[in-house]
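Residue numbers (numbering that gives the first Met the number 0), protein chains in the order written: chain V, 0 to 332; chain H, 0 to 461.
Please note that the accuracy of each hint is not assured.
[Said to hold, decoys possible] In silico DSS-like cross-links for lysine-lysine, where the CA-CA straight-line distance does not exceed 30 angstroms:
#1 V:286 <-> V:187
#2 V:201 <-> H:317
#3 H:273 <-> H:286
#4 V:255 <-> H:317
#5 H:332 <-> H:344
#6 H:284 <-> H:273
#7 V:201 <-> V:286
#8 H:344 <-> V:201
#9 H:28 <-> H:279
#10 V:47 <-> H:344
#11 H:317 <-> H:108
#12 H:273 <-> H:287
#13 V:232 <-> V:255
#14 H:292 <-> H:28
#15 H:317 <-> V:286
Hints are computed from structural coordinates only; laboratory data are not their basis.
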Amino acid sequence: MASTNGHNTDSQVTFLEAIKQAMYEEMERDPSVVLIGEDVGVYGGAFKTSEGLLEKFGWERVIDTPISESAIIGAACGMSYVGLRPICEMQFIDFIVCAFNQITNFVAKGHYLWNAPAPIVVRGPSGGGVHGGPFHSANPEMYFVHTPGLKVIYPSTPYDAKGLLKAAVRDNNPVLFFEHKYLYRRIKEEIPAGDYTVPIGKAAVRREGKHLTILSYAAMMHNSLEAADALAKENIEAEVIDLRTLLPLDEETILKSVKKTNRVLVVHEDTKTGGIAGEIAAILCEKAFSDLDGPILRVTALDTPVPYSPPLEQHFLPNTQKVIATAKELARY
Amino acid sequence: MNKELTRQQYLDLYYYMRLNRAVEDTMVKLFRQNKIVGGLYSSLGQEAISVGTAYALEKKDWLAPMIRNIGALLVKGVPARDIFTQHMAKYTSPTLGKDGTSHFGDLEKLHIVSPISMLGDLIPVMAGVAIGSRYLGQKIVTMTWIGDGGSSTGVFHEGLNFAATQKAPFVLILENNQWAYSTPVRRQVPLENLADRAKAYGIQSYIVDGNDVVAVYVTAKEAVDRARNGEGPILIEAKSFRRMGHAQHDPAEYVPKEQRAYWESRDPIALYEKFLSGEKLLDDKSKKEVESKIDALLAKDRDFAENSPMPPPELAEKGVYCTGDDCHKIRPKWERPLAEVTPPKSSIAAVWTVEGFGAGKGSGGKNAPIHFGDTAETAPAVSPPEAEEEAIEEKLAPRTPVKVVAKKSPGRNGKNGASTRSSKSVGGKSAAKSVKPAAKSSAGANGKSSDARRAPAGKARR
């Protein structure tokens, strides 16, 4: 059950609870950590990820703002210049683009240009599958993966969400942290009671296999694992890797797996053109061309906005069946 | 307020204005010799604004310059050579050649935030520095500048509105130099006075003659003091004129000759020299001394910059990320007990009250608290007494400030489009407590030092 203080007596925690715990514990550990965003205080956040934080840490540390994403990011950036570590919440991650300039030009370039680190975290609910429509379902991660100076995290499990969010808060760089809202209440996992972090920039091998490598992240991780189970019944052993961090990308883990399986399928919920799959394909062509026995294939969303009506959205999104079919096609090489 | 400046202060203002102009004159020469790699932006004729406003800050305060605020950087303690090396893209520059112009900062010692070229973005950032420092218990004020053009950006609004909701100790100088590149202010903003924008945010504002350095300083000092005392952000519109083009490449032929001539006759340094001689604070001898001091300093700094190496090409690859403590030890400087910001002291009930809401029979005539979600039942037992809770809420969720803007109308548009004839009008706080014109202010329009034109103050506008 949800609690207001961020701690949970249930050893099984949801993705959402993991986020809440991470923020609570970081704020408790370090008074330089503050939370700033729309409706994060009294209301506890649109998804209740910050529920209880205001009561515990007060108005100065849990800041409800006007509907002004640029001001949220800008102010957080300024706060970080005096040594604070603000966590910014975008009510829905779709709205992060309202602060695009602040993030890509101010926050991301500061360390490179004038030696000014901006240790801020920008987090928020992302992704589709919940009928949020075209403005509440986005996966805008690649706008930012294209921006040197940022780190981009997109976890798939409660354990990782908590550990990576803590690592993000402690990182000296601006970190964008995407939380797939489909996962918020749908998955549960046992996580350790004590403090732990998960390193940024490290992928995780979720399932070992030898016939092909499936690279994925966030909600599609779970579809990929489901697909791998189904494939195993047909004697296709897929190795499934959770990228976890998109920037910096863990090339080492990817290359190691490709050396073993010689076939690569990238699965993401983001749209196809300009998605991380294209970048991964380029890296593999540069660094592992001779290891490849077949083409690098992609299962992604369509190159359209996210449509609202359930049959349209389902058609738009990648799913387990598409992963299975594409994996089989790849396994034939 | 508004007491006379000390002799040293008067002379400091003079020195920095001369230094500001000399630095820029030197850079014009360097530009013509092709020694400046990128663009060169001039603040010719606007030096009184940069110098007068920045001079009102204390050492611990923070500022962020815009492109025409080299004077503010000099006042804050940036050596001229940093400005030369920046423009010349040298390895010895504060950004090691990674950026040019006034795009550099210093978080540790001078407390300067580097600007970016997108206008208005500094406003929420400096509001953030202000509330962050307040949270740490530091009594600092932050300041940045924006042009008439930049005041039309969305982030100007977001930033100033946010600063106002937070009552951030933040002073924004709106330099109305009447031209945004080639577009006159009339085509950008349908307002006589851009300070009127302050009303939309419920914050205080002033209008000042930007060519009168004493008036600028006195106004800025008052604003900085008020911001430091918790009155919230303050907007100062300084009216002036951009005498050069947008940058060196721009001959600015779109500017009417009469307008240019008018403002050239009101050169802020010439006006101030006249004032200083009248007050017997400056004579030919002391003027010469200032000049030779600056000449010697700049010759040295210019030599340094010219003889500095360009950066090694591989440097381009470095420094995108902070690598951790070995790179930057990020530690806030607390000036208040940490117990104040950690539980249980920080704990409060997450309840929202709105003045007048529910103030009927059902709530016993009191404001009804608004509980959201589960928070009503789960409000922790550690809630402080109501009085304290209210005090916290009052402080952190401020309502619209009660006082309204001191607002004056310093001048009308001349028919040639030249606005602002006013001299050293210094904004008053309120009608009741009117502020004297900048005492011993420098010569304003027509050189008369006593014709301060004051606006009717705040309440006239309500």
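Comparing the hints with the structure gives:
1. For the proposed pair residue 286 of chain V and residue 187 of chain V, the alpha carbon gap of about 37 angstroms is over 30 angstroms, so the pair is violated.
2. Pair hint residue 201 of chain V plus residue 317 of chain H holds up; C-alpha atoms about 22 angstroms apart against a cutoff of 30 angstroms.
3. Annotation: proposed proximity of residue 273 of chain H to residue 286 of chain H holds, straight-line Cα distance about 12 angstroms (limit 30 angstroms).
4. For the given pair, residue 255 of chain V sits about 27 angstroms from residue 317 of chain H by alpha-carbon distance, which is consistent with the 30 angstroms threshold.
5. With a C-alpha separation of about 20 angstroms, the suggested pairing of residue 332 of chain H with residue 344 of chain H holds against the 30 angstroms cut-off.
6. Taking the CA atoms of residue 284 of chain H and residue 273 of chain H, the gap is near 15 angstroms; set against the 30 angstroms cutoff, the hint holds.
7. Proximity of residue 201 of chain V to residue 286 of chain V is assessed by CA-CA distance (about 18 angstroms); at most 30 angstroms being required, the pair is judged to hold.
8. Annotation: proposed proximity of residue 344 of chain H to residue 201 of chain V is violated, straight-line Cα distance about 39 angstroms (limit 30 angstroms).
9. Annotation: proposed proximity of residue 28 of chain H to residue 279 of chain H is violated, straight-line Cα distance about 33 angstroms (limit 30 angstroms).
10. Using a Cα cut-off of 30 angstroms, the hinted pair residue 47 of chain V and residue 344 of chain H holds, with the two alpha carbons roughly 23 angstroms apart.
11. In summary, the hint linking residue 317 of chain H to residue 108 of chain H is supported, as the alpha carbons are separated by about 23 angstroms, within the 30 angstroms threshold.
12. Between the alpha carbons of residue 273 of chain H and residue 287 of chain H the distance comes to roughly 15 angstroms, so the proposed pair stays at or under 30 angstroms and holds.
13. Proposed proximity of residue 232 of chain V and residue 255 of chain V is supported: the alpha carbons are some 25 angstroms apart, at most 30 angstroms.
14. A hinted pair counts as satisfied when its Cα atoms are at most 30 angstroms apart, and residue 292 of chain H with residue 28 of chain H qualifies at roughly 19 angstroms.
15. At most 30 angstroms may separate the alpha-carbon atoms for a hinted pair to count; residue 317 of chain H and residue 286 of chain V meet this at roughly 23 angstroms.
In this structure, the hints that do not hold are numbers 1, 8, 9, in rising order.
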